[in-house]
Structure formats: structure tokens, C-alpha cells
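Two independent chains are provided; combine them into the complex using the hints.
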Amino acid sequence: MDFVQNFPFFSILLSLFSGPLSSVLNAKWAKRVNAAVITVIGCMSAAVLVYVTGTGQEYVYMMGHFPAPWGNEIRVGILEALMALFFCVIMLLSMIGGSRERELELEESKQNLYYIMVNLLLCSLLALVYTNDLFTAYVFVEINTISACGLIMIKQNGRTMEASVRYMIMSLLGSGLLLLGICFLYDLTGHLLMSNIKEQVQLLALSGNYHIPLIVSLGLMSVGLAIKSALYPFHTWLPDAYGYSTLSSAAILSSLVSKGYIFLLIKIFYRVIGFEIVRESKVIHVLFVFGIIGMIMGSVSAIREDNIRRMIAFSSVAQIGYIYMGFGLGTAEGVIASIYHVISHSASKSLLFVAASGLTDASGESLRYRDLTGAGYRNGLAGVAFTVGSLSMVGMPIFSGFISKLLFAQAAIGHTYKMLLTLIALAISTVLNAVYFMRTVIRIYTPVPEGFLIENAQTVTVRQQPSKSAALVCFILLNLFLGLNSEPIIGLIQRGLEMFD
Amino acid sequence: MDGLLLIPIIGPVLAGAFLLAASFAEHRRTPAAGGGAAERGSVSGQGRKGRPKALSVIVMTVLSVSAGGALFFAWSGERSLTLFSLVDTIPVFFRVDGVSRFFVTLVSVVWMLAGMYSLVYMEREGEQKRFFGFYLMLYGVLVGLDFSGNLVTMYLFYELMTIVSFPLVLHNGTKEAVMASLKYLFYSLCGAYGGLFGIYILYRYCDSLVFTAGGTLGDGAAGHEGILLIAVFAMLIGFGAKAGMFPLHAWLPAAHPVAPSPASAVLSGVIVKSGVLAVIRVVYQIAGPELIRGTWVQYAWMSLTLLTVFMGSLLAFREKVFKKRLAYSTVSQVSYILFGLSLLSPMGAGGALLHTAGHGVIKTGLFLTAGVFLYECGYTRVEQLGGLGKKMPVTLWCYTVLSLGLVGIPPTVGFLSKWYLAQGALSLGKMFGPGSSGGGFVVQDIGIFSWLGPAVLLVSALLTAGYLLPVSLRGFFPGEGGEEPGQRRKEPSLCMLFPLIALAGLTLLLGLWPQPLVSLVNQVVEGMF
Chain F
1207 MDFVQNFPFF
1217 SILLSLFSGP
1227 LSSVLNAKWA
1237 KRVNAAVITV
1247 IGCMSAAVLV
1257 YVTGTGQEYV
1267 YMMGHFPAPW
1277 GNEIRVGILE
1287 ALMALFFCVI
1297 MLLSMIGGSR
1307 ERELELEESK
1317 QNLYYIMVNL
1327 LLCSLLALVY
1337 TNDLFTAYVF
1347 VEINTISACG
1357 LIMIKQNGRT
1367 MEASVRYMIM
1377 SLLGSGLLLL
1387 GICFLYDLTG
1397 HLLMSNIKEQ
1407 VQLLALSGNY
1417 HIPLIVSLGL
1427 MSVGLAIKSA
1437 LYPFHTWLPD
1447 AYGYSTLSSA
1457 AILSSLVSKG
1467 YIFLLIKIFY
1477 RVIGFEIVRE
1487 SKVIHVLFVF
1497 GIIGMIMGSV
1507 SAIREDNIRR
1517 MIAFSSVAQI
1527 GYIYMGFGLG
1537 TAEGVIASIY
1547 HVISHSASKS
1557 LLFVAASGLT
1567 DASGESLRYR
1577 DLTGAGYRNG
1587 LAGVAFTVGS
1597 LSMVGMPIFS
1607 GFISKLLFAQ
1617 AAIGHTYKML
1627 LTLIALAIST
1637 VLNAVYFMRT
1647 VIRIYTPVPE
1657 GFLIENAQTV
1667 TVRQQPSKSA
1677 ALVCFILLNL
1687 FLGLNSEPII
1697 GLIQRGLEMF
1707 D
Chain C
4 MDGLLLIPII
14 GPVLAGAFLL
24 AASFAEHRRT
34 PAAGGGAAER
44 GSVSGQGRKG
54 RPKALSVIVM
64 TVLSVSAGGA
74 LFFAWSGERS
84 LTLFSLVDTI
94 PVFFRVDGVS
104 RFFVTLVSVV
114 WMLAGMYSLV
124 YMEREGEQKR
134 FFGFYLMLYG
144 VLVGLDFSGN
154 LVTMYLFYEL
164 MTIVSFPLVL
174 HNGTKEAVMA
184 SLKYLFYSLC
194 GAYGGLFGIY
204 ILYRYCDSLV
214 FTAGGTLGDG
224 AAGHEGILLI
234 AVFAMLIGFG
244 AKAGMFPLHA
254 WLPAAHPVAP
264 SPASAVLSGV
274 IVKSGVLAVI
284 RVVYQIAGPE
294 LIRGTWVQYA
304 WMSLTLLTVF
314 MGSLLAFREK
324 VFKKRLAYST
334 VSQVSYILFG
344 LSLLSPMGAG
354 GALLHTAGHG
364 VIKTGLFLTA
374 GVFLYECGYT
384 RVEQLGGLGK
394 KMPVTLWCYT
404 VLSLGLVGIP
414 PTVGFLSKWY
424 LAQGALSLGK
434 MFGPGSSGGG
444 FVVQDIGIFS
454 WLGPAVLLVS
464 ALLTAGYLLP
474 VSLRGFFPGE
484 GGEEPGQRRK
494 EPSLCMLFPL
504 IALAGLTLLL
514 GLWPQPLVSL
524 VNQVVEGMF
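Note that the protein sequences, when read in sequence, are chains F and C.
First residue of the first sequence: 1207, per the numbering used here; consecutive thereafter.
First residue of the second sequence: 4, per the numbering used here; consecutive thereafter.
Honestly, the hints are just simulated from the structure, not real lab data.
Every residue, glycine too, gets a C-beta built ideally from N, C-alpha and C.
Treat the hints with care, as some may be off.
What the hints assert, rightly or not - To give a feel for the contact side, a few chain F residues facing chain C, derived at Cβ under 8 Å:
no.: 1; residue: Gly-1356
no.: 2; residue: Gln-1406
no.: 3; residue: Gln-1408
no.: 4; residue: Leu-1629
no.: 5; residue: Ala-1633
no.: 6; residue: Asn-1662
no.: 7; residue: Thr-1665
no.: 8; residue: Val-1668
no.: 9; residue: Pro-1672
no.: 10; residue: Glu-1693
Same shape as in the complex, but just chain C (with noise of 0.2 Å):
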């Protein structure tokens, strides 16, 4: 039965291989054997109109087969499979727990969405099935990610998501992409390096590699206390790097505006949290959060963030080129979500989850109405966004719901996970006295952070507000000699519109009843300390 759970993983990857191939034979096809420049653009469309119909018929069946498989075994309790060893007494080891239920749900939402969404804008991208081929391979990664029950496993499958995924950057296979899609290649192998040196030493001190709330640091690790903080040091310098964290942080402004709007939505709603997911794996499962607490290392931690928070909003708030705006909103945002995780205390890490839904739900969505204005109106800088009310008024008000979830505005879930974040950072300092929650739970004093926290957040919030909102005002209010004159209503397809309003009403859903959400962040939680 167990082995079943080797389908959601297989599968996709399976038939990515197979479009990968039916593309591949294409490309054979043609003339001038590997020019795919001939068939770009609308000439694939027009040329063969039944084909991609089936394209999207495949491409659909599969992902939600698969996404239904991996949302069943996630939620249907605990279950692990052993595969071969990988080297000596490593074995290639699945194990469902909440952590994986929770990001193996968010990532076959997103995926759902917007694989739905680039049925109809990959039409004009072209090259379908090699995107496809691709996206379905990644899916079947990222499950595969989630399900990993050991660090080495884990390691394998964070290794195959770079793989897989750099192509969706290369995609247009324009210099520049070429460019962008190498230097995301060597930020996130350069990560990758931090992470697995951290995996060498943690192998060596600690009772097992296999993900055990509290971690597994066994007797023999008394007195190494140095380097071991130094490898949990270099694993979060690395892993962050796939998360945006401060000094590895500049591939995601280069990368997400020559992707594929739809790559980029999934880019920064999934992938960038791959990183976050990999931090809580070592943080919290292997290392333990009692071996950092209130060493350098936290302290370092919670200074790269805060930092990288700041920094983020303030470059996106100069950023005048709207897909790098909302790239660099991405690292500002997400390491809020690692300033969360920073604190080691259950409140921050629940926030930090929150958020983790959050953003995963809310950036896709601003990802893929950036899309929208790409393909309806070729937009692609914020001056050109006014007006854009008339035309489109529901992609806007999506945009403008959207938005509001990520500065924070109360009926959305984004308030929701920044009050849960502030709480706990507040929570841990003298004059608050200890945090209500958890029950055995060591309080401890962070000092000047657990104010300065809160208020690097808040400034943040305004500045989110500063950088997001003004494309909505000057949408529905273009004022004078901003709206051209003659202009129809025009709204992107239907297939196009559905992701976003799914996503703007899953923001507005998860910040009015709240409560499942929380209850599932709650049972995670549990899992990690």
C-alpha cells in the first residue's frame, strides 16, 4: 500500500519525460534541425489548433490525478516507504508528516491554478510542450521534496528541483534569459553546497539523518557545539539562498522577468518556499532549536532577515519594472517568514507558516495578474498601468484584494499571519512577560529584537502598501489624460480570470474563517518541537 506513494512522485515526472519528448521529436522535425524560432509565437497556435487542446487535456488530467493522489496520501495519516540505500546506511526514505501535508497542499493549489492559467498564456510563450514537459517533472519533485523523510533524500530531490526547474527561467532562450537562468543556477548551486557541507557534519554527529520533532542530536555530539553551529550556519546561508535570504538573494530580481509569467508565479509562490521548508527540516528537525537558541547563530539569523526584509521593500519600492518589483517584494516577504521561523519559539513558527500559506497563495496571484497585463496589454513597467480599470476591472480588483493581503489589511490572511509573526516576536521579550503558548516551552529573551522585530515588520507593511497600491489607484483613478479614449472592456479569458479570483477569494477565505488553517499550522507545529 505504502508503495503507492511513490505515484503522485512518479508520475508527473513520467509524463513530463514523455511531452519532453514529444517535443523534443518536434524540434527533430524541423528544418533546420534545432531552430525553434520558426514555430515561436502565434504560428504554433494557429498552425495546428487540435493539438494543444489535447496538450491541455493531458497536462490537466495528469496534474490533477496526481495532485489528488498527493493531497490523499497526505491527509489519509502517517505512512513512510523505504527505498534502496543511497550510500551506506542512507536509504532514499518517504515519510508523511504535517510538515509535508502542509506544503504538499499548498504547492497542488498553486500548481493547480496556475497550470490552468498557462494552458491559455503559454499559447503565446510557445514551446508548450517543453514547458509542460517540464512543469509536470517539477510537480512530481516538489511532491517528492515534501515527502522526504530524511535530509539526504530531502537533499536529492532540492538538488532535482534546481534541475528541473532552471529551464522554465531559460524558456524564451533569449540572451538575457540565458544570463538569468545561469545565475539562478549558481546562486541556488552555491546554496546547495552550504546545505549539503552542513549535511557532512550533522551525518557525522547526530543519531539519525530521518526528520524527528526536536531534532535527532545525539550524545555524541557534547562539545562539538562549534562546528556544528557553524554547518547549521552554512545550511542556512544555503538553503536560504533558494529563499531569498540576504547575501544570496539577487537571482530572484534577475530571474522572474524573463520567465514565463506563470513560471514566475510558481517560482515565487512554491519554489522560493522550498528553501523555507528545508530550513525547518534542519532547524527544527534534525539540528533542534535548543542547539541555536541564543547562540550567534540566532541572533545572526534574526539580523539577515530583518535585514533582507527591509532591504526587499525598499528595493521593490524603487523598482519601476513590475515583475522585478514584485520579485523583490518575494524576498522581502518571504524572509519574514524566516524571521518567524528565527525566533524558535512556537508562536513565531506558526506565524511563519501562515505566512508561508500566505504568500504562497497571494504572490502566485499577483504573478499571474503581472501575466495578465503582459498579455492582454504587453505592460510590463508600472508607469504604463493606469487606466486599467475600465478595461479590466475584475483582474484589478483581484490585484487590489491581493494586494491588501500583502500589506496586511485585516479581512485578509495576510493580517492574519503578521499578527501571529509580530505576537511572537513580541512574545519573547522582558517586557511582556512569557508567551501563553506552549507548554513546557523555555521562554527566552531576545532582546532588543523582540521590539525591533515588529517594528522592521510594520515599516515593511508600508512600504508593501507603498509599492502595490499606487498600480491600483492609478487603475481605477487614471486621472486626467491617463485613460485612453475609445477604451472597451476587455478581461483576459475565462480560463486566465479563474486562478485569480480563485486566489483572491482564498485570500479574503483564509483571513475571514480562519480556522482551519490555523488548527492545521497548530498540528504542525506540534511536529517540530
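Next up, chain F with everything else stripped away, as it sits in the complex (with noise of 0.2 Å):
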């Protein structure tokens, strides 16, 4: 065996090591230590995304020398590792663009709780990635939503509490309905672990026995799943918690955390149930149907919105839908367009909440739509970043909304009757999309009339805030290689899916 098989697991316990290792930190060096794990992560996951494609095999990794049963089991294929690597790169500009707001929003005494806080959730995230065990995979979801809502919580505002107890209630709605899902399968095939499960329901799926339950068991995780997601209309949460919670909660919970949940419902229609099955079900018609209505409905909410985060936050609600309706299609081609479009959306989307974050500063910390006039002025970076945050979102060519757009139609093309909806609903939603983010673009470049700046607002230089600055930039290179240099991108989504079978 070689030593780079390890890494996936070496990662998984330092980032949970690494979480008590800060509750004994002062916040400096929790922020350190914080820093090192993610960027250690990032290059043991890329190492092994480069082992994983070398072999072209995927391999499976016992832990403590017990077999399946009895010892736990984590699998590493190329969509894992990518997918590690893509959630390490976020992660960590996300943390590095947010770095001054936590220190100016939370209390110094909390500051290392929220280092905790970002490890567990990573360790978390990459256990949902690699796990080859539904039940270990509930349990990390679990510790999923706990970090999260201590994300959200620790500004500690009226709004954040109220933001957070809605996202606790939400999510653990989601994650019962989930661990029910899991009860249903475990009863009817008495297994736990991913691949074990799948032979039995094929064998079921041939003999034609229970095909209710096991279609109820498929709805239950998907609705779960979705529900902490948010999906359409399970969404309620989403605003609040994105809209008020610091910054880089903000991007984290944007563009990680409910796309991990997102990758787990993936693995569990390939590895657990199969996909023909899924295919045969009512359950993505479902999926696909409130997939295009979050996609419409989203963008409606965003226009009507006043607030500038809770306009990119309810963005997402549509970014959400695009990815369910992908699924939704029912083919191969539109789960690659859903995953490529997790990994675009999380770029283009933790850009602009760190690019908003940008001009608010600029503009007196006012969150409101009307105070950032010709705040791309004061900020230049920011009002650049926004730019092209805006027209990724909107679908514009060079950017990488355009190529997951493409992706997605591509796959809708020949489709007998979700062909023309999807279509039809790709083309309303770019034209929202327009709608509010070109709309935004337009106002931080009005320049201000005479006298009615607003109080605080202030020019802001790359050097004020280089953290935030090398973020922006490191973001906007990103979208841009994603946007130009996509193929290799799909192609690893479409090697690492061939593997899920």
C-alpha cells in the first residue's frame, strides 16, 4: 500500500485533532494552527487527486485493521479527492478574506471557539466526502449542523440567535428525516456500509419486493438532504443565517456546508441506491420540479431585497435550484452539470460575499442597497471582484456560471419533455439573475451626487486590507481559470462519477 493512502484518513483525524488542540490556543494562535490545517489538507487532498488519477482506481481504506462489519471503511475515488481539495481552497480564502471581521464582530474571548468551530466542520465535510458508512455519515452530518450553528451564533446578536435557532430547527428536521431514510434501508437490508447496501437493493430492485419502503427510505434521505440544502421551499433558514452571520461564516456556509450535504445525497444515489433506481423513481421528478420553482422564486426574492448579503443569500436559494434540477434530469450529463456547478457556484459565490463585504466597508458598514452608490469607486478591488462575481452568476462568457449554464442545457437537450422547461427556466433565471446583480453592478458605479454621501463612507485601500484584498484576487483568478479552463475540471467529475458504479 502506499503512504499516499493514508492522507484522506491522516486528514480526516487532524482536522478533528486539531479542533480541541485550538480550546487551549489563545485566538492568534488558534488562527495559525487553523490556517496550517487547512492548507496541509489541501495539499495531502491534491496529492492524492493526483495518486487517485494516476492509477485510475479507487480504492478502498480500513481503519484499525477491522473488516467492514465490524471496523469502519473510507473510500477514496477521484470526485472525493477533488472535492476535498475544492472544499480546502474555499475554505481557506474564505477564512483569509473574513480574517478582520471576525476580529472587529466577535468577542476576543470567543475568537478561538470559532477556530473550533471551522475545524470540526472541515473534519466533518471531508468525513462526509470520504466515508463509505451511511451511519458514520449521519453522525458527521450531525456534527456538521452543530459547527455550523456555532458559526452562525457566535456573532452573538439578536439576529444571529434567531437566525441560528431557525437554522438548528431546519436542520435537524433534515437530519431526522435523514436518519430515518438511513433506518428504513438498514431495515430492509441489514447493512450499513455504502456498498453492501447497494447489492441487496439491486437484488430487491430485481425481485420486485418492497418497492415502497425502499422508494419512501430514497424520499426520506432526499428530502432531508434537500431540507438542509435548502431547497425550495426549505429555505426559510437561508437568509438570516447568511445575511447576519460574520463574513466568513457567511462564505463558508455558502459555498461548504450545504454543498457537502449536496455531495452526500450524490453518493447516496450512486454508491447506496443506484442510479437506475433513482432514475425509475417519482422522487427526481420531485427534485426537478421544485429545483426550477427555487430557481424563478429565489431570484424573485433577491430582486425584492434591500439588503445586499441577504440579495447574494437569497441568490443562492436559485444556485440551489440549478444544482436539484440537474439531479433531476435523471442522467449522467446532468449530475455532471450539477457537480460542476457545486464546485462554480462555490467559487463565484464566497466571492461576492467577501466582495459585498468589501463595499460595506466602503460604505460605512450600511448594508442597504442605496448606501453603496459609487462604492466600486472607494473600493476598487471589491467593486472589481463584485463585477465578476455578478456576471459569473448571470451566465457571461469567460466566467464560470457560463460553463456550468452550458453544461446544464447540454444535458436537458434531448430530453423528451424536461427539455423545454429547463430551457425555459434557465432563461428566466439569467435574465433575474441580471436583474438584481447587474442592477447592483450599475449602482456601485453611479458616482455619488453632490452631498449625499453617507456618513462613514470612506475610500479603502488594497493596503488597508491586504488579508481581504489577496483573497478577492485569489477568488477572482479562480473564476476565471474555471471559467476558461473547465475541461479538465469536467473531465476529473466525469472519471470520478464513472467510479461511483
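Here is the structure:
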């Protein structure tokens, strides 16, 4: 066995133990440890990705030398390694981008708690990505929820308390449904390991027995994870949670936490149930319909929103809708498009959150849309970054959003009755996205009329906010990379998905 | 060697970005941080006398170098360049062919002349650096659009063109300008999405998305004509939005009056033609004329263009704001071009291309004269424009020549193009027999349209005369009381006058010696069928 094969296990353990370690460190050191851990895990994931791409074979890693039903397994393929790497990159950039806000907004004594939460969050995300055991997945889903709640609540004002309670309730409802689904499945098959369940489910499907309980458990798991990843109409927790929490929390929640659940859902589709059975069930039609409704309703809510952070948050609802629509198409192309959109949306959404905070810094910390007039001149880099993020969201070529839109459309072409619906929904959603994003871009580049400048508006230079600026530049480059050079990533996704079967 | 093809595309874009950065730094330094109002107007012109001059030198150097490069590449044989691939198998691919040669020449000529004009004109509008920043970038993007060798590259530059051109409409930052630019943006986005929808479908059924004469539909397309026709129709409507075709034409009269005059000139003269370029590429070089000949798409397309021709002229006739009138006129004239293309015959397409060149030159000139009236006298409405013949005879003569060109009076290029358009339509009718053009070309009967088309063109030409010529008439013969006493002769400065004279001269020259233009057009048409 090659040494590289240990890396996924190491990265889970490393992030897990850096949590308790941070609790005895002061804020400064906790921050350094956190950054180092994310970087190291990122490098290890990259090494794993290179290794798995090289061998072209996925491998199963047995923990503690006990075979499967007693011991625990993780499974590593291209897609898992890619996701782990990508999560690390986005998390690192979000943490760097939001470091100034954390120092300003969080109590001094609570800051190292924040890093504990982030480390645990990373640990749970990695475990969700790598695990081969359905129950382990459930355990880490819960850990994920708890740490995400902490990330929202740590700002400690009324808004975030309310938001985190709401998040907690909705999220627990989601994990409850997921647990129910897992129980059903355990009852039907007698296994918790993903590959064993799949074997049994295939046999059940062939024999035709227990068809309804099988579909019910699939439905329960889908709905549970859909609630947790804010598919319309279960999105009500989202705008407050993203809108009022501290900057790095918002960026991480929107681009990683919900995406981790989506990735788990993909694993359930492919590795637990088997995509053939999922395709034949009616569940994907439901996901498709709610995805499309979400695409449109999310944008409509965003248009009506006056607070820029909440506007970006509502746009997430629409983008999550895209992803579920891709699942709903029920083809491998659709899932590839969805996975690509997971990546491209994470990159643009965290960019937008950081850029918007740069703009509000230059406008006296006001989040109101009107106060942002001319903010693009006061904070140049943030203005450019926001424009890039917006154009990507609208789906302009050369930015990453265009590629995912193209992939969705290509996946839809040739579909008997979902094609027209998808294309129309894409069209409407493009225009709606343009309405609120381009409106904001124009607003931030409109010169302020004499005497109307709001109080506390100030010019922000790159030198004043070095870390945020560095994060923004990296985000912009990442977006352009995804938009201009999507082919290798799509290739990796494709190969990774083939490994899933 | 072929990598040099990128120079006229990247060069102006970088230079424009540099100017934008400079304009940005200027904004930074103003005390209000973001208040551009303080230095608008004459303040900037008088305050720093030296700098606008340096700006003019930069702009003109970059423009002439890149235009020189673009023309050189366009006219020195076929060449192509493949860059990295954008999505799976579709690369960013540039190729120079006849169509790109034609459009690059038009763009470069208009861009140089309008650029020269705006050096003086924009001094009064302020924010020159920002304007020229986007102006230069837009030139690079347009050259990229013309050089694009496949559909996806073209779409990429088409969208970039929308993004880069809407700040020009937004320029003066008033509420009206914001609304107009948003309107422009949304019409363009909706249109572009129509185009994208078509690309999705064509990508599946075409052998390749590289532009090829006669189209690239393969064997796989058999049996899928229905969806392909829908796709082509969506693309016609979508790209037609830029060209101001009927259902999506309303952005033109909103955007043109608020944009600075040189911006509306290039908007009408060139940007609108990009829609035409896209339609040519899609219909003739991807889907192929054979696919839509004689189908409902062709008839719907012809009806829409004729409707637009008539409606645009009528609206222009009723309009009293001068630049809005010219904008409606663009709506109507560009649909002449689209009508010619919808005939799907070499003669019709030739007429369309001739009219593209003619209208590009003429309408740019007309908007520039409108700019002169605005700049020297502050006139925006038609009824204010009396008695200008004494004040600025040269300008008004240029205007008259350009108007005659647009109406289509013989020794001008407008007559030539309309002649070909009408011929193209008539030759497809039964009673006139097969046209002489095109060796292996199947002559098709387009029924009622063969005479309805020319009839509409004729009526519209009369309306054109009706809305353009009164300005000259009242300019030279203001009648009783129309003339202000003590008027002195006051032509605009040479920098503004020269482009007008050049454009008016081109209108006449191309009409008197049409041979080079016609042979170029013939060459282009050969590459289309």
C-alpha cells in the first residue's frame, strides 16, 4: 500500500484533533493552526487526487484493521479527492477574506471557539466526502450541523441568535428525516456499509419486493438533505443565517456546508441506491420541479431584497435550485453539470460575499442597497471582484457560471419532456439574475451626487485590507480559471462519477 | 505568425483597461470619493489643459495601430488561430474569412472616424478617460467578434460586446441613462439567451460549430428538422434584438438619445451590425440556407423584417426628438438588411451586405451631425433645427448628402444597395422568371413577398425622405422669421468636421465607383453559399 493512501484518513484525524487543540490556544495561535491545518489538508488532498488520477482506480481504506461490518471504511476516488481539495481551497480563501471581520465582530475570548468550529466543520465535511458507511455519514452530518450553528451564533446579537435557532430547527428536521431514511434502509437490507446496501438494494429491485419502502426511504433521505441544503421551499432559514452572520461564516456556509450535503446526496444516489433505481423512481421528478421553482423564486426574492448580504443569500436559493434541477434530469450529464455547478457556485458565491463586505466597508458598514452608491470607486478591488462575481452568476462567457449553464443545457437537450422546461427556466433565471446583479453593479459604479454621500463612507485601499484583497484576487483568478479552462475539471468529474458505479 | 492575430484584439483591450484604471485613480483622488460630479463639464477641460491632449495622442495611436493590424490581417489571406478549449471540444478559435474581412473593414473605418470626432466632442461631456477606455476595449472586442471562427467564440465576444458597450450608454449617469442602459442590457441579454438556446441545439445536431459555407448540418440532423427550425428561429429573434428587429427593437430609441453622440453613432453604425453578422453566421454558415428555405421560419422572418421596416419608418416620421428619430430610422434600415438576408439568395444577400456598408457609413455620419447640432447649438428637437444653412453650411451639406444616401437617390451608395435588395426580391417571383445569379442555385418562389418586399421598401424610402429631408430644407430655407438675426458662420472644429466630410464623401464615392465594393461583396457572398 502506498503511503499516499493514508492521507484521507490523516486529514480527517488532523482536522478532528486540531479542534480540541485550538481550545487551549489563544485566538492568534488558533488562527495560525487553523490556516496551517487547512493548507496541509489541501496539499494532502491534492496529492491524493494526483495519485488516484494516476492509478485510475478508487481504493477502499480500512480503519484499524477490522474488516467492514465491525470496522469502518473510507473510500477514495477522483471525485472525493477533487471535492476535498476544492473545499479546502474555498475554506482557506474564505477564512483569509473574513479575518478582519472576525476580529472586529467577535469577542476576544470567543475567537478561538470560532476556529474550533471551523476545524470541526472541515473534519465533518471531509468525513462526509470520504466515508463509505451510511451511519458514519449521519454522525458527521450532525457534527456539521452543530458546528455550523456555532458559526452563525458566535456573532452574538439578536439577529444571529434567531437565525441560528431557525437554522437548528430546520436542520434537525432534515437530519431526522435522513435518519429515518437510513433506518428504513437498514431494516430492508441489514447493512450500513454503502457497497453492501447497494448489492442488497439491487437484489430487492430485481425481485420487486419492498418496492414502496425502498422509495420511501429514498424520498426521506432526499428530502432530509434537501432541507439541509436549502432547496426551495425549505430555504427560510437561509437568508438570515447567511445575511447576518460574520463574513467568513456566511462564505463558508453558503459555499461549503450546503454543498457537503449535496455531495452526500450524490453518494446516496450512486453508491447506496444505484442511479438506475433513482432514475426510475418519481423522486427525481419532485426534485426537478422544486429545483425549477427554486431557481425562479429565489431570484424573485433577491430582487425584492434591500440588504445586499441577504440579496446574495437569496441568490443562493436560486443556485441550489439549479443543482437540484440537474439531479432531476436523471442523466449522468445532468449530475456532472450539477457537480460542476457546485464548484462554480461555491467559487462565485464566496467571492460575492467577500466582495460585498469590501463594498460595505467603504460605505460605513451599511448593508443597504442605496448606500452602496459609488462604492465601486471607493473600494476598487472589491468593485471589480463584485462585477466578476455578478457576471459569473448571470452566466457571461469567460466566467465559470457560463460553463455550468452550458452544461445544464447540454444535459437537457434531447430529454423528451424536461428539455423545454429546463431551457425556459434557465432563460428566465438568467434574466432575473441579471436584474438584481447588474442593477447592483451599476449602482456601485454610479457617482454619488454632491452632498448625498452617506456618513462614514471612506476610501478603502488594498493596503488597508491586505488579507481581504489577497483573497479577492485569488477568488477572481479561480473564477476565470474555471470559466476559461473547465475541460480538465469536467474530465475529472466525469471519471470520478464513473468510479462511483 | 498566426498568433499575431491576437494583437488587434488584445491590444486595444489592454490599452482600454489602462485608461479605465487611470480614470479610476482620478475618481479616487476626488475628496468626496466617488463623486464624479465635481469634475464634469468644462472644468476638466480647462483645469488640466495638457492632459486631454496626451489622451488624444494615446487613443489615436492605439486605434490606428490596432486598426492597421486588423486590416492587415484581414486582407492578407486566410489565417486561423486555435486557442485553449472553452468547453469539452469547443476551442476558442479565430479565422479570417470573407465575412470577417468585410465587417472588420467597416468597423475599423467607422471607429477611426468616430474616435477622431469624439476627441473634441467628449471634452464637454467629461469623463473622457472612462469613455475612451470602453471605446478602445469595444474595438478590440468587435475585432474579436469579426475574427471568430466558430459559434461559441462568436457568442463569447457577442456577450463581451454587450458588457463593454453598455457603459457607453450609461455615460452621463443620469437616471434616464441608467434606465436606458438597463433596458439595453436586458434586451441584449434576452436576445443573447435566444442565441444561446439555439447554440445548445445546433451543437447537438451539427457536425461542427466552425463556420462553413452552406452550413454544417450532418446526417444526424435528419428527422429533427422541427426542433432545428425552432432553434434557428430563436436565434433569429435573439440576435435580431441587437439588430433592432421587431419584437425586441425597443432598446434602440431608448438608448440612442441618452448616449453621447459618438457613442450612438457607433452603436447604430457598427454594434447593431453585429446582430447582422451573427445572423449571417448562423443562417448561412452553420444551419445552412437549405434548412430554412421555404419553411415557416423564412416566411415569419420575412414578415417580421418587412413589418419592422415599415413600422420603424413610420415611428421615425412621427418622432420629434432628432436622435430618437435617427434611432427609429436605424430600426427600419437594419431590417432592410435582414430582409435581404431572409431571401436566402445570393443577390439578396449581396444587397444586404451592400446596405450594411452603406448604412454603417451613413448612419454614423448622421448621428455625428446630430452631435454637431447638439454640441454647437444645444438643439435636440427637430423643430429647433431651422436656419442652420447659414451658420454651418458644410455640416448641413454633409447632412444632406448623407440623407440622400439613406433615402436611396442615385449617385449614392444607398441607391446601389436598395437596387440589389429589390432585384433580389423580384427575381424570386414567378412572373419575373429565375434570376440570373448563382449557377447551381435553386430558384424558389417566395410568392407574395416577391412584390410585397420591394413595395414596402419603396414606401419606406418615401417615409425616409419625409423624415430626413425637411431638416435640410428648413436649414437652407428657414422661411419668414425662422432666421435669427446677426447669425455668424460657425462651423465645428476641423477634428469634428473631417469625419463628417469623409463619411459624406464615402457615401458619394461608393455610389459613383461601386466596383471595388461590389467585387468585395461578391467575394463574401461566395463564402456564404
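Against the earlier hints, flag every one the structure doesn't satisfy and list their numbers going up. Violated hints (numbers, rising): 1, 2, 3, 6, 8, 9; every other hint is consistent with the structure.
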